[in-house]
Amino acid sequence: MTPTLAPSSRVQLTEDGKLRHFLTTEHLPRSLLEDILDTAASFVDVGGRSIKKVPLLRGKTVVNLFFESSTRTRSTFELAAQRLSADVLNLDIAKSATSKGETLLDTLRNLEAMAADMFVVRHQDSGAPFFIANEVTPNVAVINAGDGRHAHPTQAMLDMYTIRHYKGGFEGLKVAIVGDILHSRVARSQVHALNTLGAEEVRLIGPKTLLPVDAEALGATVFTDMAHGLKDVDVVIMLRLQKERMDSALLPSEGEFFRLYGLNNEKLHYAKEDAIVMHPGPINRGVEIASEVADGPRSVILNQVTFGIAVRMAVMSMTISGQDSAPAGGAAHGS
Amino acid sequence: MLGSFAMRAWHLWIAFLESPLSWDEQQLQTHLDTMAVAVAERFAGQAPLLVGIESGGAWVAEALNAKLETPLPLGTLNPAFYRDDFDTRGLKATVTPSKLPFEVDGQHIVLVDDVLMTGRTIRAAMNELFDFGRPASISLVVLFDIGHRELPIRADICGETLALPPHQRVELRGPSPLIAEIRELVAEDNRETRS
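These protein sequence lines are chains A and B, in that order.
Per our numbering, residue 477 is the first one in the first sequence, and the count goes up by one each step.
Per our numbering, residue 1083 is the first one in the second sequence, and the count goes up by one each step.
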């Protein structure tokens, strides 16, 4: 059962509604989610330049605080910070301080003493980034890079960016999220974001053993059958199946899972002809998705990675500037 | 004597207040005609590249280019990521990406903006330009120079110089037709117009 967390708005937003921390997509207003997507759009071109850097966060120090290892997410956060000209410190906490008996608070205080401006936090426990956000000094921003089964908001927002890029918007869209919903923090963040941004219908598809009991309370329609669940959807988001689930009696076998819930061209036929296929990666070919789909014309999986850097640059810029309560400016009329 | 001086200063102030509060399309076109001639003369024998600063500068650059006998390659620059006031102003949600459809290395660049004030936007624009390459030279063309400089930057070609008090700004509206007017600052705008 996913823990119930207090409404995030108070922690995440400044008094004037700017993004102070980014911990979850839940309870954030639509205008703010759209601001993240618009700001990300401004950063996409930076990756195409010969000098892929802008000086926005020059002099700032970003600490990647990973209590749970993740090469891909950490790399994209690191790249995003570097493209903003920040100094980046990568700390694999699981292997260092806390294993020597230091408390999380002691670790935090030490990092603050090193004049860090931002913590990018991944933690195996749901709510850990909230705890850190409540403890840091006012001039430090916290970004959730995935906590337990709770949230992975930057992944969800890069998925929203990808959907908006290919579909133009969210009105009237039917989106299916398929696979291990129960353990997926990405799926939870996606459902919140899709509902806030105005998608017509969000569907969760998976075996009963991998669907949370509160799935419909999240604001989604639940399906256990791919044919029904995928019918006429505009977007199919496949989730990674964590192979250790096979050992915990939640699934009979990889082959059985693929037969029933793996996405191949035959099952994709149920979706709309122009439906796009997404996956947060890394993909298990032949487990949740067939190569013919992953490498096929409707797959936008690699574009998600590219957009992910721009979305993380946007969130970093917005939270750093949110540490000051000044309003964002309009056009300068004299410069 | 002192009374006469005070009266004279008072008349000057009245004259200043009665200066045009707006420029219609015809008045701006006259400025642009003069500026186009100056650009053509200054760069005779060279092949400069025109770069307008978003958004007003891009409108001016386009209008200027239309008046040149031989239109120049045209790019746009948005130095929002290079500003020095990000910590206090934050970032606008939508920043139009810079578009320079040519190599900058070794080229003569003509930066175009609508209003020159402190010089900080021009500094940011030059910093961004150098991330695209090393130009042979950079020149600056502006429609209005309203003073209040905070950096040692000057325009090479200017449509009109104004001595505006700190509470007034020129606002250009466009892209077609181009018109301009003097705007009174309200207190909450002070931050945005400082740079």
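Since the hints were derived computationally from the structure, they do not count as laboratory data.
Honestly, I wouldn't trust all of these hints.
Here are the simulated PhoX-like pairs of lysine-lysine, each with C-alpha atoms no more than 20 Å apart in a straight line [stated by the list, open to error]:
hint: 1; chain 1: A; residue 1: K707; chain 2: A; residue 2: K743
hint: 2; chain 1: A; residue 1: K529; chain 2: B; residue 2: K1174
hint: 3; chain 1: A; residue 1: K643; chain 2: A; residue 2: K707
hint: 4; chain 1: B; residue 1: K1181; chain 2: A; residue 2: K528
hint: 5; chain 1: A; residue 1: K650; chain 2: A; residue 2: K536
hint: 6; chain 1: A; residue 1: K743; chain 2: A; residue 2: K650
hint: 7; chain 1: A; residue 1: K528; chain 2: A; residue 2: K643
hint: 8; chain 1: A; residue 1: K684; chain 2: A; residue 2: K748
hint: 9; chain 1: B; residue 1: K1149; chain 2: A; residue 2: K529
Just so we're clear, the structure is a prediction, and the values are computed from it rather than from any experiment.
Verification of the hints:
no., hint, in the structure
1, A/K707 x A/K743, "holds, 9 Å"
2, A/K529 x B/K1174, "holds, 18 Å"
3, A/K643 x A/K707, "holds, 17 Å"
4, B/K1181 x A/K528, "holds, 15 Å"
5, A/K650 x A/K536, "violated, 40 Å"
6, A/K743 x A/K650, "holds, 16 Å"
7, A/K528 x A/K643, "violated, 27 Å"
8, A/K684 x A/K748, "violated, 25 Å"
9, B/K1149 x A/K529, "violated, 36 Å"
In this structure, the hints that do not hold are numbers 5, 7, 8, 9, in rising order.
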